[in-house]
Amino acid sequence: MNRISSGQLTVALLLSNAFMLMCLSRPIGMESMAGAVLAFVLQAILCIPMLLLYRDGFSLPAYCDQKHFLIPILLILYFIIRGGISFLLLWNGSENLSLPFAQPLITAGMIGLVCLYTASLGLKTFARASTVVFGFLVFSLGILLLGAWTRIDFRLLYPSQDITVFRSTLDILSMGDTLPALFVLLSFTNGKKPAPTLRFLVLSLILWEIILFLCITVLGNLLPTAEYPFFLLTSVSQPLSTQRADAFYLIVFVLLCVIRLTLLTVLSAHLLGMLFPKLRFRSVLSLAGMIGAATVLGVLGYTGGLYCILGIVLFACLLPLIFLMQLKKHPEWKEETTS
Amino acid sequence: MNDYANETIHPDLKQNIQRIREIADNSSDLLVNEFLLSGLPAALLCCEGMLATSIITELILHPITRIQLPNPTAESVFHHIQTRMLLSVDRSEAKNYRDLFRFLNSGFGVLILHGASSALVFGVQGYDKRAVMEPSGESNIMGARDGLIEVVRINMSLLRRRMKTPFLKMELFPLGDKSQTDICLCYMHDRVPKKLVQEIKNRLNRTELESILSTGYLQPFLENRRGNLFDTASTTQRPDVLCAKLLEGRVGILIDGCPFALVVPKLFSESFQTMDDYCFRPCYTAFIRWLKYLAFLITLLLPALYVAVALHHPELLNRTLLLILAESEENAPVSLTAEAIGVLLVYEIIREAGLRLPKAVGGSVSLVAGLIVGDAAVSSGLISTPMLTVTAIAVISGFILPDLNQPITLLRLALILAGGLWGLFGISLVGAAVLFNICAGESFGYPAMAPIAPFRKKSMRDILTRVSFRKMQSGHFTVEEYHE
Numbered sequence: 001m002n003r004i005s006s007g008q009l010t011v012a013l014l015l016s017n018a019f020m021l022m023c024l025s026r027p028i029g030m031e032s033m034a035g036a037v038l039a040f041v042l043q044a045i046l047c048i049p050m051l052l053l054y055r056d057g058f059s060l061p062a063y064c065d066q067k068h069f070l071i072p073i074l075l076i077l078y079f080i081i082r083g084g085i086s087f088l089l090l091w092n093g094s095e096n097l098s099l100p101f102a103q104p105l106i107t108a109g110m111i112g113l114v115c116l117y118t119a120s121l122g123l124k125t126f127a128r129a130s131t132v133v134f135g136f137l138v139f140s141l142g143i144l145l146l147g148a149w150t151r152i153d154f155r156l157l158y159p160s161q162d163i164t165v166f167r168s169t170l171d172i173l174s175m176g177d178t179l180p181a182l183f184v185l186l187s188f189t190n191g192k193k194p195a196p197t198l199r200f201l202v203l204s205l206i207l208w209e210i211i212l213f214l215c216i217t218v219l220g221n222l223l224p225t226a227e228y229p230f231f232l233l234t235s236v237s238q239p240l241s242t243q244r245a246d247a248f249y250l251i252v253f254v255l256l257c258v259i260r261l262t263l264l265t266v267l268s269a270h271l272l273g274m275l276f277p278k279l280r281f282r283s284v285l286s287l288a289g290m291i292g293a294a295t296v297l298g299v300l301g302y303t304g305g306l307y308c309i310l311g312i313v314l315f316a317c318l319l320p321l322i323f324l325m326q327l328k329k330h331p332e333w334k335e336e337t338t339s
Numbered sequence: 001m002n003d004y005a006n007e008t009i010h011p012d013l014k015q016n017i018q019r020i021r022e023i024a025d026n027s028s029d030l031l032v033n034e035f036l037l038s039g040l041p042a043a044l045l046c047c048e049g050m051l052a053t054s055i056i057t058e059l060i061l062h063p064i065t066r067i068q069l070p071n072p073t074a075e076s077v078f079h080h081i082q083t084r085m086l087l088s089v090d091r092s093e094a095k096n097y098r099d100l101f102r103f104l105n106s107g108f109g110v111l112i113l114h115g116a117s118s119a120l121v122f123g124v125q126g127y128d129k130r131a132v133m134e135p136s137g138e139s140n141i142m143g144a145r146d147g148l149i150e151v152v153r154i155n156m157s158l159l160r161r162r163m164k165t166p167f168l169k170m171e172l173f174p175l176g177d178k179s180q181t182d183i184c185l186c187y188m189h190d191r192v193p194k195k196l197v198q199e200i201k202n203r204l205n206r207t208e209l210e211s212i213l214s215t216g217y218l219q220p221f222l223e224n225r226r227g228n229l230f231d232t233a234s235t236t237q238r239p240d241v242l243c244a245k246l247l248e249g250r251v252g253i254l255i256d257g258c259p260f261a262l263v264v265p266k267l268f269s270e271s272f273q274t275m276d277d278y279c280f281r282p283c284y285t286a287f288i289r290w291l292k293y294l295a296f297l298i299t300l301l302l303p304a305l306y307v308a309v310a311l312h313h314p315e316l317l318n319r320t321l322l323l324i325l326a327e328s329e330e331n332a333p334v335s336l337t338a339e340a341i342g343v344l345l346v347y348e349i350i351r352e353a354g355l356r357l358p359k360a361v362g363g364s365v366s367l368v369a370g371l372i373v374g375d376a377a378v379s380s381g382l383i384s385t386p387m388l389t390v391t392a393i394a395v396i397s398g399f400i401l402p403d404l405n406q407p408i409t410l411l412r413l414a415l416i417l418a419g420g421l422w423g424l425f426g427i428s429l430v431g432a433a434v435l436f437n438i439c440a441g442e443s444f445g446y447p448a449m450a451p452i453a454p455f456r457k458k459s460m461r462d463i464l465t466r467v468s469f470r471k472m473q474s475g476h477f478t479v480e481e482y483h484e
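Protein chains in written order, with this note's numbering: chain A, 1 to 339; chain B, 1 to 484.
Bear in mind the hints are in silico, worked out from the structure with no lab data behind them.
Note that this is a predicted model, so its numbers are computed, not measured.
Just so it is clear, CB atoms sit at the ideal spot from N, CA and C, and this is done for glycine as well.
Possibly wrong hints are sitting among the right ones.
The calculated lysine-lysine pairs, modelled on DSBU-like cross-linking and capped at a C-alpha distance of 35 angstroms, are [as the list claims (entries may be wrong)]: (1) B:K178 to B:K292; (2) B:K195 to A:K278; (3) A:K192 to A:K329; (4) B:K458 to A:K192; (5) B:K471 to B:K292; (6) B:K458 to B:K169; (7) B:K457 to A:K192; (8) B:K292 to B:K194; (9) B:K195 to A:K192; (10) B:K164 to B:K201; (11) B:K471 to A:K192; (12) B:K194 to B:K14; (13) B:K195 to B:K292; (14) B:K195 to B:K164; (15) B:K194 to A:K192; (16) B:K169 to B:K471; (17) A:K278 to B:K164; (18) B:K292 to B:K164; (19) B:K95 to B:K178; (20) B:K457 to B:K164; (21) B:K458 to B:K194.
Non-contacting residues of chain B with respect to chain A, defined by C-beta distances greater than 10 angstroms in every case (computed) [stated by the list, open to error]: (22) E22; (23) R102; (24) E138; (25) R153; (26) G216; (27) E315; (28) L424; (29) S468; (30) E480; (31) E484.
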């Protein structure tokens with residue numbers, strides 16, 4: 001796996017987060033904005049052990065070279081399940097997009113095929129493409145703001161009776177599942193680790209706050225009935241009176257979806273490669289696993305939740321903490337797990 | 001006969017000439033002029049039509065036939081010629097038959113002498129060549145009017161006229177087993193990354209080509225990945241453009257017999273830049289740049305978007321436009337996708353016909369064919385007017401970016417197909433794949449998408465806009481900044 005820059009790391013994770021934001025289907029209220037702040041502060045705290053570990057020179061490839069299989073296998077499973085959930089979100093979300101076919105399986109299959117190609121090009125290509133897609137995202141946000149500007153009503157910013165800050169925090173935390181990806185990617189990132197991590201969290205928070213604010217102040221009474229608030233927001237916020245701009249968001253949605261699935265595929269394929277260097281078609285296996293997971297989760301009717309928070313806590317905080325303690329106990333391990 | 005490559009030159013003149021004739025298989029263009037040089041049997045070999053008779057007579061034959069040395073030997077005569085006589089400014093020595101034939105067939109006069117196991121060669125080339133004229137492919141308004149021609153040495157002189165610094169280095173070497181084509185590697189040795197030059201040399205040395213007749217023979221060896229839609233090695237016909245690229249630390253490759261130079265590495269953003277950009281006022285150039293970016297999107301996406309929106313997303317159109325489209329497509333006999341692909345294929349056929357036909361008729365044939373076929377197709381109802389308009393706008397937009405013509409042609413068709421089958425979703429998917437394809441493009445570690453991805457803020461001064469030379473003169477940009 002090639003190395004990426006800290007800026008590319010920030011952008012890649014931000015885009016992955018933005019896809020989750022587009023697929024947001026939880027109840028939204030003013031409390032959600034406070035919940036988002038709390039969720040990102042919590043994520044920042046959870047990252048501290050990870051950053052301390054990397055400050056000591058930890059390297060995941062070096063760790064895997066020592067034939068430690070458990071952590072990579074757990075990470076692969078996590079990425080495959082998250083990929084499966086992303087496919088599920090895509091299936092559900094695609095009903096809100098004007099697609100020319102009704103079968104969500106075709107949508108997933110086609111995106112899977114494209115991701116197979118994009119993942120085969122490697123992390124470096126993925127990181128470069130992320131930079132361009134980030135430009136699209138910023139541009140689309142500009143268009144969204146332009147369309148929503150005149151419809152913003154500050155009187156709609158009032159506390160909700162059904163939503164609590166705690167519930168919103170948990171909801172948003174469960175959707176911000178990129179910390180385990182950050183844990184892996186930091187091994188392949190040039191430069192200092194805390195700065196891109198902090199930048200990613202701050203930018204993600206800003207993005208969430210903008211979208212939540214627009215959803216609340218623009219959609220107003222429509223919000224409780226909206227299954228996918230973001231898509232409703234794009235339908236309502238049209239910058240031109242004679243021309244609809246929905247198509248642009250469809251393009252951005254597909255690009256973000258490809259970016260997210262490519263990230264998860266690249267990471268799981270690479271971890272598979274660390275464990276089984278002779279294994280071929282790793283991307284195919286990862287994607288097949290994700291589609292399989294999506295089918296099973298779809299049958300079970302599960303689209304994420306508390307277990308995601310457990311995953312985040314485990315990979316971003318607990319494991320690095322255990323590593324740190326072990327390194328303190330057994331200083332001789334440091335040579336084995338650092339690059 | 002093929003094992004002559006490393007065979008040293010025979011000291012006996014008769015046997016030497018016999019061996020040369022044998023290797024050349026008595027080729028009619030091999031001229032052997034035997035004479036006595038200071039009493040020793042000698043011969044001047046040349047290739048008919050490759051040298052100037054007057055020059056060889058005046059500069060070589062006259063002076064050497066007058067040489068009279070006491071007790072002459074082959075060694076002393078050669079030593080005398082090499083140290084006392086200038087004869088030609090381009091002189092060398094051939095030790096084996098491979099070198100001898102390379103010089104001979106490059107237009108050099110070859111002097112062989114009885115008793116000498118080497119041959120003296122004199123540059124007296126005088127073959128017919130095209131005059132230096134304005135390049136047909138890269139027209140501009142304010143830039144220079146001279147273009148590269150087929151003779152590598154003339155092309156080298158065109159570069160040298162613009163870059164008198166000794167830092168401009170030109171390395172000439174033969175390549176291709178049979179053609180022994182002169183290849184000239186040019187670079188600014190104070191600017192170019194050393195690893196880049198070494199890697200290019202290694203790759204060129206590893207080629208096992210029999211001949212190199214155009215840039216296309218070498219280009220695949222200079223590109224890293226297979227499956228790239230966009231080139232990562234560019235070509236130019238203009239010496240001024242080549243100089244500008246060399247100043248940015250790139251490497252140019254001139255090929256004898258080809259009026260194009262290869263430039264490595266190539267960035268995707270360069271496809272939107274011309275020499276005129278640096279002659280016009282910055283604000284106008286910035287406007288033209290953005291126009292080109294827009295044209296790129298139009299030429300690539302417009303027909304596909306038209307098909308996708310009309311077929312799958314009519315709700316995106318306003319009422320007036322929708323009515324116009326519905327009315328015009330009402331009587332069309334084929335589907336919109338087939339119509340779009342058909343129109344573009346016919347255009348490509350007409351374009352190809354115009355290119356391959358003799359110039360005198362090519363232009364008029366394509367014009368007449370386009371007009372007659374287009375008019376007849378619309379009036380007979382085979383093609384709708386909006387479709388023809390959309391296609392024409394897309395094609396004309398493509399003319400702004402001749403460098404990207406090949407990938408655009410293929411991608412346009414793929415996007416129409418995706419748009420026709422799966423609407424905007426299909427276009428987005430193909431777009432994502434193309435984006436990754438461009439981002440994967442890399443030449444010797446230089447990403448094709450630089451300076452956008454990886455992003456370099458400083459370079460935006462020549463991407464998003466074009467700042468004036470007052471600002472650009474500082475910094476001395478080289479491509480090494482983009483290396484990953």
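Evaluated hints:
no.: 1; hint: B:K178 to B:K292; result: violated (43 angstroms)
no.: 2; hint: B:K195 to A:K278; result: holds (32 angstroms)
no.: 3; hint: A:K192 to A:K329; result: holds (26 angstroms)
no.: 4; hint: B:K458 to A:K192; result: holds (22 angstroms)
no.: 5; hint: B:K471 to B:K292; result: holds (23 angstroms)
no.: 6; hint: B:K458 to B:K169; result: holds (28 angstroms)
no.: 7; hint: B:K457 to A:K192; result: holds (20 angstroms)
no.: 8; hint: B:K292 to B:K194; result: holds (34 angstroms)
no.: 9; hint: B:K195 to A:K192; result: holds (27 angstroms)
no.: 10; hint: B:K164 to B:K201; result: holds (24 angstroms)
no.: 11; hint: B:K471 to A:K192; result: holds (32 angstroms)
no.: 12; hint: B:K194 to B:K14; result: violated (48 angstroms)
no.: 13; hint: B:K195 to B:K292; result: holds (34 angstroms)
no.: 14; hint: B:K195 to B:K164; result: holds (24 angstroms)
no.: 15; hint: B:K194 to A:K192; result: holds (29 angstroms)
no.: 16; hint: B:K169 to B:K471; result: holds (28 angstroms)
no.: 17; hint: A:K278 to B:K164; result: violated (55 angstroms)
no.: 18; hint: B:K292 to B:K164; result: holds (34 angstroms)
no.: 19; hint: B:K95 to B:K178; result: holds (19 angstroms)
no.: 20; hint: B:K457 to B:K164; result: holds (32 angstroms)
no.: 21; hint: B:K458 to B:K194; result: holds (24 angstroms)
no.: 22; hint: E22; result: holds (55 angstroms)
no.: 23; hint: R102; result: holds (43 angstroms)
no.: 24; hint: E138; result: holds (28 angstroms)
no.: 25; hint: R153; result: holds (40 angstroms)
no.: 26; hint: G216; result: holds (25 angstroms)
no.: 27; hint: E315; result: violated (7 angstroms)
no.: 28; hint: L424; result: violated (5 angstroms)
no.: 29; hint: S468; result: holds (26 angstroms)
no.: 30; hint: E480; result: holds (16 angstroms)
no.: 31; hint: E484; result: violated (7 angstroms)
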